[in-house]
Amino acid sequence: MDINLMITSIPKLLDATIITLKLLSLSLFFGLFIGLLFAILRLSKNKIINKFAYGYSYVFRGTPLLVQIFIIYFGLGQIEYFRSTFLWVVFKEPYWCAIIAFALNTGAYTSEILRSAFQTIKPGIVEAGKSLGIPNKIIFYKIQIPVAIRQSLPAYGNEIILMMKGTSLASTVTLMDLTGVAKYIISTTFKPIEVFIVAGGIYLFMTFCIHNLIKFLERKYSY
Amino acid sequence: MSIFKKTIFSVLASLLIIGNVYASDKIKIGTEGAYPPWNSKDASGKLIGFEVELAWSLCRYMGKQCEIVEQDWDGMIPALIMRKFDAIMAGMSITAERQKAISFSQGYADEVAQLAVMKGSSLEGMDTPSGINLSLGGSDVNKALKTLTGALAGKTVCVQTATIHQNFLDSGDVGKVNVRTYKTQDEVNLDLAAGRCDAALAAAVAFTDYADKSGKPVVLVGPTFSGGAFGNGVGVGIRQDDTELLKAFNRAIDKARKNGDISRIATKWFGFDASM
Chain A
1 MDINLMITSI
11 PKLLDATIIT
21 LKLLSLSLFF
31 GLFIGLLFAI
41 LRLSKNKIIN
51 KFAYGYSYVF
61 RGTPLLVQIF
71 IIYFGLGQIE
81 YFRSTFLWVV
91 FKEPYWCAII
101 AFALNTGAYT
111 SEILRSAFQT
121 IKPGIVEAGK
131 SLGIPNKIIF
141 YKIQIPVAIR
151 QSLPAYGNEI
161 ILMMKGTSLA
171 STVTLMDLTG
181 VAKYIISTTF
191 KPIEVFIVAG
201 GIYLFMTFCI
211 HNLIKFLERK
221 YSY
Chain B
1 MSIFKKTIFS
11 VLASLLIIGN
21 VYASDKIKIG
31 TEGAYPPWNS
41 KDASGKLIGF
51 EVELAWSLCR
61 YMGKQCEIVE
71 QDWDGMIPAL
81 IMRKFDAIMA
91 GMSITAERQK
101 AISFSQGYAD
111 EVAQLAVMKG
121 SSLEGMDTPS
131 GINLSLGGSD
141 VNKALKTLTG
151 ALAGKTVCVQ
161 TATIHQNFLD
171 SGDVGKVNVR
181 TYKTQDEVNL
191 DLAAGRCDAA
201 LAAAVAFTDY
211 ADKSGKPVVL
221 VGPTFSGGAF
231 GNGVGVGIRQ
241 DDTELLKAFN
251 RAIDKARKNG
261 DISRIATKWF
271 GFDASM
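Which chain is which? The protein sequence lines are A and B, in order.
Residue 1 is where the first sequence starts when you use the working numbering, and the numbers rise one by one after that.
Residue 1 is where the second sequence starts when you use the working numbering, and the numbers rise one by one after that.
Take these hints with a grain of salt, some might be off.
To be verified - Here are the simulated DMTMM-like pairs of lysine to aspartate or glutamate, each with C-alpha atoms no more than 25 Å apart in a straight line:
id, chain 1, residue 1, chain 2, residue 2
1, B, Lys-119, A, Glu-218
2, B, Lys-84, A, Glu-194
3, B, Lys-183, A, Glu-218
4, A, Lys-92, B, Glu-124
5, B, Lys-155, A, Asp-15
6, A, Lys-165, B, Asp-254
7, B, Lys-183, A, Glu-93
8, B, Lys-176, A, Glu-194
9, B, Lys-268, B, Asp-254
10, B, Lys-100, B, Asp-42
Said to hold, decoys possible - If you want a taste of the chain A side facing chain B, the calculated C-beta under 8 Å gives, among others:
id, residue
11, Phe-74
12, Gly-133
13, Thr-174
14, Ser-187
The set of hints was computed from the structure by calculation and includes no laboratory data.
Being a predicted model, the structure only gives us computed values, none of them experimental.
Think of the CB as a built atom: it goes at the ideal place given N, C-alpha and C, for glycine as much as any other residue.
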């Protein structure tokens with residue numbers, strides 16, 4: 001065990017953790033909007049919209065995240081027509097490719113979490129709102145959405161942790177996130193065990209923080 | 001004896017037998033299988049290439065049974081140290097950095113590194129000598145490095161991870177370059193062709209092989225590099241405590257060279273004699 005290497009790699013790995021956190025927060029931010037949108041579409045009575053939303057979550061939950069990143073990064077880059085469109089400005093950058101892949105992936109899971117949360121809202125709550133003469137729109141925004149978010153907190157906390165670990169795949173498309181830098185250090189020192197133990201420890205600490213944050217929110221918004 | 005104990009004993013016994021098989025005379029050689037024409041795989045998944053054929057030839061000279069196994073490039077040296085195999089033949093150049101971790105046999109082939117760009121790139125037509133040796137130094141080398149520093153400033157250069165090519169770009173010899181690293185050379189080629197890389201650095205033959213097979217307009221630019229960060233030829237990587245195997249490989253390489261086997265196999269795969 002090379003303890004010295006473990007200590008000297010800590011600052012470099014912590015630097016890389018910032019990239020990991022950026023990837024995570026941006027993906028979750030966009031993913032939450034995508035998830036909310038598709039959860040609402042899933043509840044639509046229109047069959048075509050409903051099936052479309054179901055298809056999206058089916059595809060993105062049914063394929064590995066690594067495959068999705070590869071298709072978005074290496075796959076789309078092979079299409080010559082695609083490279084001539086304005087979209088290439090975004091897709092040229094590995095950073096945005098990773099965020100798009102992560103956001104679409106977490107969006108699919110989030111839409112399922114929110115959908116089931118919406119469906120478990122007791123009809124009595126909505127009826128109570130209606131009997132007070134509150135308009136449907138306000139019932140949706142002020143009653144259904146907040147209740148659904150509270151309902152989905154435990155499951156969504158899990159999804160955040162899964163996504164955090166998923167960001168390690170960004171290193172496969174050349175990004176220097178926590179895993180990417182760990183691999184880089186190994187490529188010059190040839191000591192994988194020491195470096196991966198430190199990197200694993202940092203991931204574990206992030207999980208610890210997310211876990212406790214969600215627990216705190218659950219307690220705060222319990223009813 | 002209870003059944004439980006019996007099971008434990010029989011499992012342990014079989015492990016011992018398996019252990020003995022592994023400790024047999026068979027030499028396991030690790031290669032990447034993704035760096036044509038050095039080593040790659042054919043359509044059926046069989047390992048082929050210069051080093052695969054050379055490995056069989058060296059094993060015949062050593063009079064030993066060999067097995068060639070695949071290993072991802074970025075885990076090659078750790079896998080050797082952890083005894084997953086006994087020798088590396090994977091286009092691995094002999095460098096001082098790697099020699100801190102493993103030993104190398106004498107070199108068997110010369111890897112010539114060069115930059116590649118897509119046709120029509122602004123980097124085409126750089127005014128440099130056709131080849132520079134970083135170990136020799138001198139005004140020619142310094143001038144060429146200066147030209148490269150100017151040309152590559154702010155450009156994205158793609159390389160495979162944990163290679164001499166990455167080490168060279170990280171060394172600062174050509175200034176501050178935006179280095180992007182990939183797991184395999186295939187991925188470097190893909191992104192060069194897609195236009196994500198302004199240039200790529202690898203063994204020149206890796207690019208010519210890709211250009212031939214894909215039909216993409218990949219062209220080589222600038223000088224060929226050798227010496228310094230690029231090491232001293234490609235050799236067999238062996239664990240530092242495995243001195244017997246090192247000697248055996250060195251003798252086998254001597255014989256193969258004398259009989260013209262290395263030149264013959266090199267010419268077959270590279271189209272020119274890259275042996276040394």
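Hint numbers contradicted by this structure: Per hint list: 1, 3, 6, 8, 10, 12 violated.
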